[in-house]
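Student: Take a look at the letters that make up each chain.
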Amino acid sequence: MNWKKIFAVVRREYVERIRTKAFWIGTLAIPILLMGFIGIQIAVARRAGGDHRVAVVDLTGNLFVPLSEQLAESEAKQKKEGPSKAIHWVLEQRPLTGDLATTKEALRKEVVAKKINAYLILDPAQLAKDRVEYYSTTVSEFAAMNQLESAVNHIRLRRKIADRGLPGALAADLERRIDLKAFRVTATGTAEEKGAGIIAALVFFFLMYSTFFMYGYQVMRGVIEEKSNRIVEVIVASVRPTELMLGKILGIGLVGLTQYAAWSLIAANLSLPGIATAMASSEMGVPRIPASMVGFFLLFFLLGYFLYASVYTAIAAPFNTDQEAHQLAMIPMFMILGGIAVYPAVMNNPSGGIAVFFSLLPFTAPLTMFLRTALSEPPAWQILVCAVLLVATTIGMAWLAGRIYRIGILMYGKKPTIPEIVRWIRYTPGKGAQPAVAETT
Amino acid sequence: MSMDHTIELKNVSKFFGKFRAVDDLSFDVPRGTVFGLLGPNGAGKTTTIRMIMNITAPDSGQIRILGKPLDRATQNQIGYLPEERGLYRRMKVMDHLYFLAAIKEVPRETARSRIADWVDKMELRPWLNKKVDALSKGMQQKVQFIATIIHDPEILILDEVFSGLDPINTALIKDYLLDFRSRGKTIVFSTHVLEQAEKLCDEICLVSKSRKVLEGSLKDLKRRFSQGLLRLSVGASPADVLAMPGVASCQMMNGFYIVSLNPGTDRRAFLRQMMDRYEVAAFSDKEPELEEIYLSAVKAAGLEETRTVD
Numbered sequence: 001m002n003w004k005k006i007f008a009v010v011r012r013e014y015v016e017r018i019r020t021k022a023f024w025i026g027t028l029a030i031p032i033l034l035m036g037f038i039g040i041q042i043a044v045a046r047r048a049g050g051d052h053r054v055a056v057v058d059l060t061g062n063l064f065v066p067l068s069e070q071l072a073e074s075e076a077k078q079k080k081e082g083p084s085k086a087i088h089w090v091l092e093q094r095p096l097t098g099d100l101a102t103t104k105e106a107l108r109k110e111v112v113a114k115k116i117n118a119y120l121i122l123d124p125a126q127l128a129k130d131r132v133e134y135y136s137t138t139v140s141e142f143a144a145m146n147q148l149e150s151a152v153n154h155i156r157l158r159r160k161i162a163d164r165g166l167p168g169a170l171a172a173d174l175e176r177r178i179d180l181k182a183f184r185v186t187a188t189g190t191a192e193e194k195g196a197g198i199i200a201a202l203v204f205f206f207l208m209y210s211t212f213f214m215y216g217y218q219v220m221r222g223v224i225e226e227k228s229n230r231i232v233e234v235i236v237a238s239v240r241p242t243e244l245m246l247g248k249i250l251g252i253g254l255v256g257l258t259q260y261a262a263w264s265l266i267a268a269n270l271s272l273p274g275i276a277t278a279m280a281s282s283e284m285g286v287p288r289i290p291a292s293m294v295g296f297f298l299l300f301f302l303l304g305y306f307l308y309a310s311v312y313t314a315i316a317a318p319f320n321t322d323q324e325a326h327q328l329a330m331i332p333m334f335m336i337l338g339g340i341a342v343y344p345a346v347m348n349n350p351s352g353g354i355a356v357f358f359s360l361l362p363f364t365a366p367l368t369m370f371l372r373t374a375l376s377e378p379p380a381w382q383i384l385v386c387a388v389l390l391v392a393t394t395i396g397m398a399w400l401a402g403r404i405y406r407i408g409i410l411m412y413g414k415k416p417t418i419p420e421i422v423r424w425i426r427y428t429p430g431k432g433a434q435p436a437v438a439e440t441t
Numbered sequence: 001m002s003m004d005h006t007i008e009l010k011n012v013s014k015f016f017g018k019f020r021a022v023d024d025l026s027f028d029v030p031r032g033t034v035f036g037l038l039g040p041n042g043a044g045k046t047t048t049i050r051m052i053m054n055i056t057a058p059d060s061g062q063i064r065i066l067g068k069p070l071d072r073a074t075q076n077q078i079g080y081l082p083e084e085r086g087l088y089r090r091m092k093v094m095d096h097l098y099f100l101a102a103i104k105e106v107p108r109e110t111a112r113s114r115i116a117d118w119v120d121k122m123e124l125r126p127w128l129n130k131k132v133d134a135l136s137k138g139m140q141q142k143v144q145f146i147a148t149i150i151h152d153p154e155i156l157i158l159d160e161v162f163s164g165l166d167p168i169n170t171a172l173i174k175d176y177l178l179d180f181r182s183r184g185k186t187i188v189f190s191t192h193v194l195e196q197a198e199k200l201c202d203e204i205c206l207v208s209k210s211r212k213v214l215e216g217s218l219k220d221l222k223r224r225f226s227q228g229l230l231r232l233s234v235g236a237s238p239a240d241v242l243a244m245p246g247v248a249s250c251q252m253m254n255g256f257y258i259v260s261l262n263p264g265t266d267r268r269a270f271l272r273q274m275m276d277r278y279e280v281a282a283f284s285d286k287e288p289e290l291e292e293i294y295l296s297a298v299k300a301a302g303l304e305e306t307r308t309v310d
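Heads up: the protein sequence lines correspond to chains E and A, in order. Using this note's numbering, you'd call the opening residue of the first sequence number 1 and step up by one each time. Using this note's numbering, you'd call the opening residue of the second sequence number 1 and step up by one each time.
Everything labelled a hint here was simulated from the structure, so no lab data went into it. Possibly wrong hints are sitting among the right ones.
To be verified - DSSO-like cross-link-like pairs, simulated, lysine-lysine; straight-line CA separation at most 27 Å: (1) A:K209 - E:K431; (2) E:K415 - A:K18; (3) A:K299 - E:K414; (4) A:K18 - A:K299; (5) E:K21 - A:K18; (6) E:K414 - A:K209.
What the hints assert, rightly or not - Covered stretches of chain A (in silico footprint by chain E; criterion: 3 or more residues with CB under 8 Å from a CB of chain E, positions within the stretch not fixed): (7) 55-63; (8) 69-83; (9) 93-106; (10) 180-189.
Glycine residues also receive a C-beta, built at the ideal position from the N, C-alpha and C atoms.
Could you put together the complete structure from these sequences and hints?
Tutor: Structural data, given as structure tokens:
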């Protein structure tokens, strides 16, 4: 290993990539997109307020008035908390015109014509089966639907209590619910967890996932580009193939770290205060990013990056175009996706069997183990075993990649087959003939 | 093995699968010469050069560069221009040259002055801050050539250097190569175009079908192969000339017969007989073209090409 030469390669990879427009667009656009995304969420949450015009067909004849009163009451209550969030209910009672089907059809047309937002059918037959029908163009206005549902439930509860001759105050008492407060137990103590910590962990998790793809893919493209540009033979006359490979992986990894640093700066100065304020006003609390999370993030990003980058190098080396490599590029893709596939199970039980297994399996370990460290405190020996396995697998993969690389980079023309690539791996100079591929002379 | 030889190959063989790309090849490249590795496409020239550069490993035999097996120090003393050559398209010319100098461990200061020197010689200065993409093919070839010599190597190895080169660059690079030789440096270049080699080479090694056919100084080889060649102006038909004893072949060229005699034929006896029978207006020795030497050597070695030398 000649570090002077490796450094020259690292420097080239780093400087050339940092200079591209794509790097700066990615560096600036991703936080802006993320901010925009969160901004839209907050805006949508706030805009949940406003007029909500609902036509009510009350076949019971005695529910419309109490329902209007109940909704007006909850509206008044919400206005006290924050005027912007309150939904302003406008209920219009509609009689039956003809039978129920024709009435529904007429109301459907009104909804389509946007004269009303929705219509509600209060049918005694349905109510007996604990059902109320609500028709709207969107059935995902959970805030509005929740209010409506609890209003009808509340009326029914009060009626049942009155029917049995029990005191009216009982209704309020029966409607009280407990609130489960979650505390996270760590070695140093306990801390209340309102959800912000989990959201921060997930943001980091998905960031790591997408950067594995981004930078792994860049390594693949870089290797192929050197072949299609016909520069690689000029370079291996000065630098050994393994040195070139190492330099490329290190250089692109540094670009990744630089991008993280830039994102952190942008986040700290621009988006985080906004997000923090928004989240503080919600029920989740202020996001708190402990130093250990950042440390584990960097550790598992680097371990994972080196592993996937070696896989991507091995895959790129035999080919001359991105298209040729695409088929095999599925291999690292599935490795990375493996971490995503098991994440719900890891979320459910960060110390469970599935979580432990996939956090020790090298190809899914980086994402899974990071998530475990962010959600719980895995035993130190597991983290250690995971890191050791990752390093060992990476060394193995790099060795394999190097053997494919040294032959593959000089192969132009015909696309090699898998058995041919296996022969490249097994070839040792001085022992048996070098595997044949078309156009090597 | 002496220091007079910059590159020494001893019984080098290389297989690709079952195909023997280089078969028991040996040659020495004397210091300060232009050495031509010549032969048709597919003869094993590029494989030989890649083995010299340690890009592919020989299956058997020995290769020594400047008296020892290739190591990092000697690698930095070689300038190599492969047949498959290119540049990073999106890099600026200047950065590219600095990079290629850096991987040869040229200090940045030294690289700076050499780049300045060469871009002036090659009239590339206005392009220094342009991306390689923006350069014409001829310009890119100049950049590649500068990159090959930026570390002032002892040995230059050029694989099919003139292929794809425009006439102006061809002339330019020929001049630089001769200038290089005059400074005591050694140049190895491979080509399948024998006319080019004829004008440049001091020493040659002819290969065909993975085997060496002929090696030596071009001057000696020409003398050796001119023995049987005569240029004749004579009042006789080609059939008459061919019918003469000792004649191997007869061709017309610019109004003269080029007559090739069988080995061992007495030239004086042949001429006497010729003058006895026909009107001989002029005769002289014919210096053989490299191509003729090649063809007769291949024939003598029993390695006749099914393909023609193009």
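Student: Run every hint past the structure and note whether it holds.
Tutor: Hint check results:
Taking the CA atoms of K209 of chain A and K431 of chain E, the gap is near 23 Å; set against the 27 Å cutoff, the hint holds. Between K415 of chain E and K18 of chain A the alpha-carbon distance is near 19 Å, which keeps this suggested pair within the 27 Å criterion. With a C-alpha separation of about 34 Å, the suggested pair K299 of chain A and K414 of chain E falls outside the 27 Å cut-off, and the hint is violated. Proximity of K18 of chain A to K299 of chain A is assessed by CA-CA distance (about 25 Å); at most 27 Å being required, the pair is judged to hold.
Of the supplied pair hints, the one linking K21 of chain E and K18 of chain A is violated, its CA atoms being roughly 49 Å apart against a limit of 27 Å. Distance check on the hinted pair: K414 of chain E and K209 of chain A sit about 22 Å apart at the alpha-carbon level, within 27 Å; holds. Check on the segment 55-63 of chain A: 4 of its residues sit with their Cβ under 8 Å from a Cβ of chain E, so the three-residue criterion for coverage holds. Given as covered by chain E, the segment 69-83 of chain A passes the check, having 7 residues with a CB less than 8 Å from a CB of that chain where 3 are the minimum.
Figure legend: the segment 93-106 of chain A, annotated as covered by chain E; annotation consistent (7 residues with Cβ-Cβ distances under 8 Å, at least 3 required). Under a criterion of three residues with beta carbons nearer than 8 Å to beta carbons of chain E, the stated coverage of the segment 180-189 of chain A fails, only 0 such residues being counted.
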